[in-house]
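S.K.: From these two lone chains plus the hints, build me the complex, please.
Protein chains in written order, with this note's numbering: chain V, 60 to 616; chain P, 61 to 661.
There's no promise every hint is true.
Claimed, not checked - Sample of chain P residues facing chain V (criterion: CB under 10 angstroms; computed from the structure):
no.: 1; residue: Asn451
no.: 2; residue: Pro500
no.: 3; residue: Ser542
no.: 4; residue: Gly552
no.: 5; residue: Pro554
no.: 6; residue: Asn581
Bear in mind the hints are in silico, worked out from the structure with no lab data behind them. Yeah, the Cβ is synthetic: ideal placement off N, Cα and C, and Gly gets one too.
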Amino acid sequence: METKCMIIDGQTCSFTDEPNVLEVARANRIDIPSLCYCENLSVYESCRMCIVEKADGTVDTSCSFAPEDGMEVYTNSPKVQKNRKMILELLLGSHRTECTTCDKASTCKLLEYCTRYRVRSARFGNLHTTPPIDDSSVCVVRDPSKCVLCGQCVRMCDEVQNIKALSFYRHGSHSFVAPVNNMLLADTNCVGCGQCASVCPTGALVVKNEIDRFWSMIHDPRHKVVVQVAPAVRVGVAEAFGLPAGTPVMGKIVTALRRIGVDVVYDTNLSADLTIIEEAAEFMEKLETGASLPLFTSCCPGWIQHAEHKYPELLPQISTCGSPMEMMGALIRRQFAGERVFSVAIMPCTAKKFESRREQLDKDGVPVVDLVLTTVELIRMIQELVLDFKNLPDAEADHPLGEFTGSGVIFGVTGGVTEAAIRRVLADTSSATMQTIAECGVRGLDGTKIFEVTAGDMTLRIGVVSGLKNTDQLIAKIKSGALQLDFVEVMACPNGCIGGGGQPSATSWTKAQRSAGLFRVDEACELKLPQDNPSLDYVYNTLLEGRAHELLHVKYV
Amino acid sequence: MDQKKLKSREEFVTYQTACRRYMEEQKRKIYVCCGSTCMTEGAMKIYSALKQQLELRKIPCTVELGDYLENGGVGLSKVGCVGFCSHGPLIRIDPEGWLYTKVMVEDVEEIIQTSIVEGKYISRLGFDDGMTINKRQKDITFFQSQTRRILKNCGEIDAERIDDAIAHGGYEALVKALFDISEEDILREIETAGLRGRGGIGSYTIEKWRKLKNSTDPRKTLVVNDGKSAIGSYMDSGLLEGDPHKAVEGIAVICITCGVTDGYAYIHPQYQTAVYRLKTAVKQAEALGLLGDDILGSGKRFRLHVNNGMEQHTPEEYMKMYGHLQNREVKWFDTVYLDETGRLQNATESNNLETIVNVPDIINYGAEWFRSLGTEESPGTKVFMLTGAINNIGMVEIPFGTTVRQMVEDIGGGMANSGPFRAVRLSGSTMLMRENLDMPITFEDLEELGDRIGTGNFEVMDGKRSMMETAKYLLRFASRGSCGRCTPCREGLPRMTFLLDKLSKGEGSREDMDEVIELANLIQSSALCFETCATLGGYEIDPALCVGCTKCARNCPVMAIHGTIRQPHEIDKTKCIKCGACFRGCPKHAVKENDPWKQNV
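If we strip away everything but chain P, and leave its shape as in the complex, we get (with noise of 0.2 angstroms):
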């Protein structure tokens, strides 16, 4: 379609219309998943062999922009993450809905004759549960338990074009916020909605967004971040792989309303395909009409900047994104939000990206509608990356208040091989045991465990996972993010990262295991901010298991393994460093290390 810029609403909804239209002739659609996960496993390959194939068949097919066929025929759409990731290379067939996972450059030629010509099932590429093979996306548990909102037009629509995106009814919004809704009713309404922050503290968003409106200064500004450096933290990257424009809609709605005329994001440059489908967004909405000056004829200004970011864990990572928006050093002192004192020269607030994207669905279709999902004080979705020993790996959007149980079971498809439920962890170093699993995953539930939801990592831990290696992977994952500014946390964790290392070598002692919980206890109950990393709780050897081979004895540094040949062994608790040579070392995987917390607590 013509790329003329849009001057009136009128012209937005005739456009609109348009762009439905067009979508509506496309017979069938193949949505090739296109987010990071499937393309590293070649999905880029798939959608140039696909439509390679389309042209070899002469097959009428809607592949670019602007190529629309007034008869219809093949739409073939790069989509954004569908969230299944381990069962990757994903490709749709619509009407019918079907999905094939896993699929390989090979399978092309027959998906194109199977289903594309002749319109029949191809039941080698379906997803094979255990039970049946489920030949629909809609009948996969996996997504029946969700409930995608901000996802929704993730796996839907081109991420690279912005008319599938206004088709979806892209945009609304902002034409709402625009003409129909003040500004006054628009925070009105996402007070109502209670809309938390997704970053990690959950704090209510809309004291942010009122302090930004109040605030005076002529050249405040709104910072957004794909902050989520948390180990195994990409929801970001994934939701702006799979649409951006609600990204640059949310963005752009927050910031008129709060009379902000530039907006930063920014994107840690390893995700290089959100940075990239981003700036495309931002480029095709310029184009419209839909950013810069006088939007929509309404009169109003908003220009959306992208920039590489880095990681946002620490305050210092915070002052150098600060330093670059205002081309300067920012220094220790210069706090990291909005200041009234007038420190950082203008006014500035920062918001997660997520957060954001909630912004058009709160306005398209109302408080009432939000806080129709999730607890009276988390309401809402959440998105997070499901991973660690289970069937299935990827993002996923959950309302709060579905369990942890929930999540392993019926999400993620149980703990893979059968191995043995362990832990998870929840962003960051939440640990959540056993006894969790029928806790609700929300911010009050965690708070009541003296944690927080974090950034949206959940990672499933199985019987095979060392402790040992969890707790130092997360003290030097601490460390880095340690600001230096408290003694405890500041000379502490090298010292237990030191200490940790010498005992899982096996050259530590009792005292050094005192001197680790010691430390952690005081890191725990006088540092600055409570972010402290488990400490072990020592093992034990399952005598039903145990064969008696003596590996462990032999193994054992401190000679806390005693026992006869061929019978079960045991381990002498008062001479244990826990440095668990024993537990990596058992062929049977009779060793069994206990959960921590449990001993020093």
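Pulled out of the complex, with its shape left as it was, chain V reads as follows (with noise of 0.2 angstroms):
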């Protein structure tokens, strides 16, 4: 592709194909602000803090117009600074100021450009409403006096996840954002999946924050903590921490966790490879009995929630296996069966605290996960011990429940499920067929693969999305009959689990890394192949006995 030039503050930018002057600068190393722009989402220009001055004296917003080959701009000008700082005192005028106490102090965007910038006060007045919280959704909390109305939230549920959960109403200066109606959030058709949080540059939609009821357990002597830690979780964490990002860090995770307090740490992994053994079996009969095809998967609450809401006749078509959380929750029980056991679940996703509190999902009348944390909160609490991170030893994970195979590991990322399921159906660990498997179009960060497996005599026709819209467009398809497959992965959250809403919020660089990191786990790994878990038939013939079916399975009518 042909390399362009543009000057910068002076500095020579190359570029080939970015749609705007602020991707020009950034991925030159110049940061120019920006509260409404986001990669993935239509351009919006609503918040004016991109503003830069063109060689003419006029000043534009970086993000709405294509470099041109030896185009002038310059970020740091009088005038630009003058604006930025003008527009800060604007936002901040209208927004509920209470850094002290807010949840997304530490990567609140306002936050950072007004310390950037040395806005101190809202010089023009403050002139911010205080309507009230919603905390209805279990996932969520909407704060609308803190919003900046850049409609990150309102254009991510609508163009990447298609739910339309939340809009703006009214205009001018009355104009607010909210959910549809101006209902409250749980009201809707939200599934919970933490996009809109995670876009969010201030305080306004936060993740819910539940450490003060794991420090409670943590403190109370009577309980015994147990902990399960998902596979995204240990590539969202290094960044925080100063680590190259994606880089896999569960043994400092397990020795930090230790350090926290917590009794037993346990590795979803095994769990997955649970999973895909469970669902493996269910697809093969599947196949045999000539039931209805595809077979979706059910790892996602968000994709479950959603399929409840929009596609009620396709839930005979999910399959019927629990998440890799709720299997682990219900092997966590087993395995302290007459203790009392608090059990929580680290974990990529905020849907998953929905998830944790359904009743059709209790075993034995008691819910199988009491606490889910998310990765953000993890770090939170890892930032209160102020643990050196960096430089923790790295520990295993507790026996019996701790050991995983590669298969599981990739359940992280957007096709991992498909590649364990496919590992699992070729029962071959030869470098030639592990070779196949990745390059049969398995792999990558697309938002919707369909590719062909030859299994034996049988070719199956598989699907992978990752993002409610792309899963929509994915059904309309099937539907139709434009598009005849067998089995379809669905994630909720764009590019999986590694971008799940509750790993810190992420550029597509990150994400690639963390992709890239749990396959380096897996690489890593000895065992490739699910049924080669040490543990399993310890889980299946003294955990479950005989119970496999009533415990890992679940019925979503």
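M.R.: Okay, here's the thing in structure tokens:
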């Protein structure tokens, strides 16, 4: 591709196909501030923070115009600085500033920019109102008084997730963002994916914080606190502690959790292996009996809720396997049967908070997981203890539910479930087969992947989607008959769990690093196939004792 | 005449000839202006009184639809807005062409006796321009300086009678479009004519219509709005009150050309007369078979639906209109104009009413004729509402390229009470100052100024008009119109309004004024769109007029005015907060406001 050059602040910056000047600047390590720009969403140019001065002295938003060869812009001219500062002063005047107690304080863009540009007061007067905080949803808390109307959540919910649970209302200075028809978030068709909170630049949308409950249980000597850690969490925390993005740090997380005071740490990877064994069995059975296909995966709670809202007729086609978190929860209850266990799951996901509260998933009358914490909450807790996380020694998860294979780890990225399932079906660890699987089209961060796999004399047509808009489009194709598939993996968040709503917000580059991190762990694993997991024998024969189907499967109807 | 459906072109021509013959048979005609302005001043009462008098004197007259007299008699018509609103209610008497202004119900008897029976002119009711009494409408400069194309039939036909419109050439273009000219030729003619949108932005209309024509959506629609909620813009309602049939014809021609079978007109419900007359026109046209299925036996169908619209100034108001159209809630992200992504369910195009009224003339007389007036880039004519501190207030139509001075001096009849000219506010917030007086009014000249021609409100301000109040007024208007998307406008405008309120109460400080200017500059340079308001220039005392009464010094909240009693005072500009207290209080009008912009740009 042809490389062209433009001049930003006197510095020559090369670019190829970047859609706008803002991207060019960021690719060349010049940070132009912006509150409303997101690479995956449409350009909204509302915040006006990314203004730059052109050679002719006019000011324009860098997100809205394309770079040209030889173009010259200034990101810090006096005019730009002055306007930018005033915009911040205006925004600050309409924002409820309670930064000391705000959940987003450490990642708040508004606070960061106000500090960076030395904006100390709302010079033009404080006009903010204090509408009530909406904490009806168990996943996301919405505080409209902190909203800067950047519209990222509205666009995310509409353009990427196709849920349209959030919208703009009224106009001018009276405009505000609210769930549809100004209802409570819990009453809308929100699936709790948390993508809105991950793009929100301020504290207007935050993931529900349940750290306090966790601490109280840690400090309660009557309870045994058992924690399971999801596959994607291990690659989500690195950048918060100054490590390269996407570095797998499961060993350090285990050490940190033990120092926090957790009694037992297990790895959800094991139940991911278990999921595949159950799901593959279910799939083979369906193929043989000629039941209606495709079989949809059931790991993602956002997708389950979306299907309940929008495609109730598809529910029988969704796998009856519980999600890995639920399976591990059930195993933990069996493992410590008779003891007072507080079962905590650390997940990259906000919708899991909802899943853990579903009554139809209770086993033996109790919820299998007591509390779900997100990756961000884990980071908070580690920061709370001021552990030198970077230099913590590695430790292994507890036995017997800490064993895992490479198949379990890759659950954290889109296509991972499918790849594990293919490994299970082909049951061959030769490098040629592994190579074929890796190259069959299952890998990569594309939103929709459709490919075929040959297993013995069968050819399976498989679809892998992430993001609910892609899901809707794929289902529309399946329903119209334009596409016939045997197996569909659905992840509600773009790029799967590595981009989950509970993870620290990430650019597509960071997500690629996280994905690579998971595959590195997979490569380092000697065991690749889910059926090779050494704990399986113990799980099936000792823990489940013939109750496998009852404890590992669910019915969402 | 009998209201049978016309089934072919020949039947239409026969009907037209009949209408013309009946019109010609009326020896004498009385036109009563029944536009909104004249009606508020009692035009309908005058109309009934005239009718009563004619009946009392047993003078044969044609009033209602259907009672055509074989031997002529007097024709009495309720016509739409003539445009000379400041001198209404108006009555015109043909064939002499006498125009009576400011007629009262008491004058009716005299008019019938003197003018109709005896055939004499009543000079008491004539229009006096200060020098002579202008007997006839066409002698008056107000009408001489205009070129009435769109408004040609306004004031000539009874707006509630389709026969009048047909006799005056109405629906001829529709017949041509149905039988003579191909669809492609019509679009090419409009392209050659270079018709531009009259709604504000002035984009070339043909682009929209080509898109609509090329759309394969079977349910494509055309929406026509009177979306001129900019302050003081009522020309669309004037058009509808005067000649609704031209609007119906224009919409029908474009829709049939573009293959649209259902058109929608959204008219603001505050224009009750306009809505009523448009609905009547549609009903009459349907009864005659000029709208509906199989128009004049051509096999083509088109229906026009008239709905109550709302103000269409902000995107949200547009969205509400589209929501109503599709019986669903339309969201922020649904684009306003024709949507290729299919988000709006069906392809929809919207046009301003004045734009579409130009179409029948272009088809009847050709693109060359249309281009003969106006400039290269702004061909044709434009209707303006002329208001403010001038003598002649009303609805006027001028060719593009007419200068601001011509508008004020010739058509407007000069400043009212011989006051000094201050500024012209052209549609929304375009301010034309004294130095722009000789600027031609065209799309391109206003673009050069960094402004738009807008919807066509032309408000002339004199020296008594406080720029502070104007700025506040415009700010409120801008806040109301703000969509709320970009930060500077959404957050800046309420704060500017707040600061100006504070300043005009005399509670502000020098810093507040600086903040207003800073905010205005921010909005101007960084907002998403660039519709910004004026900021203030400050005040000066004219030493020649000041008598030293000290009233201004006593009014000033910040003690910025000093001077000795009975000696001219002075304003200390470093202290002045530009609240305008001195300006409003001065008994001698010695305080002068500086023009906006001069200081900060």
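S.K.: Now, for every hint given, state plainly whether the structure supports it.
M.R.: We went through each hint and held it up to the structure:
For asparagine 451 of chain P, the suggested interface contact is broken, since its CB lies about 37 angstroms from the closest CB of chain V, more than 10 angstroms. With its C-beta approaching chain V no nearer than about 27 angstroms, proline 500 of chain P sits outside the 10 angstroms limit, and its interface hint is violated. Here the hint on serine 542 of chain P is kept, as its CB sits about 4 angstroms from the closest CB of chain V, short of 10 angstroms. Given the 10 angstroms rule on beta carbons, the hint for glycine 552 of chain P holds: about 6 angstroms separates it from the nearest Cβ of chain V.
Residue-level restraint check for proline 554 of chain P holds (minimum Cβ-Cβ distance to chain V is 4 angstroms; threshold 10 angstroms). Of the supplied interface hints, the one on asparagine 581 of chain P holds, with its beta-carbon coming within about 8 angstroms of a beta-carbon of chain V, less than 10 angstroms.
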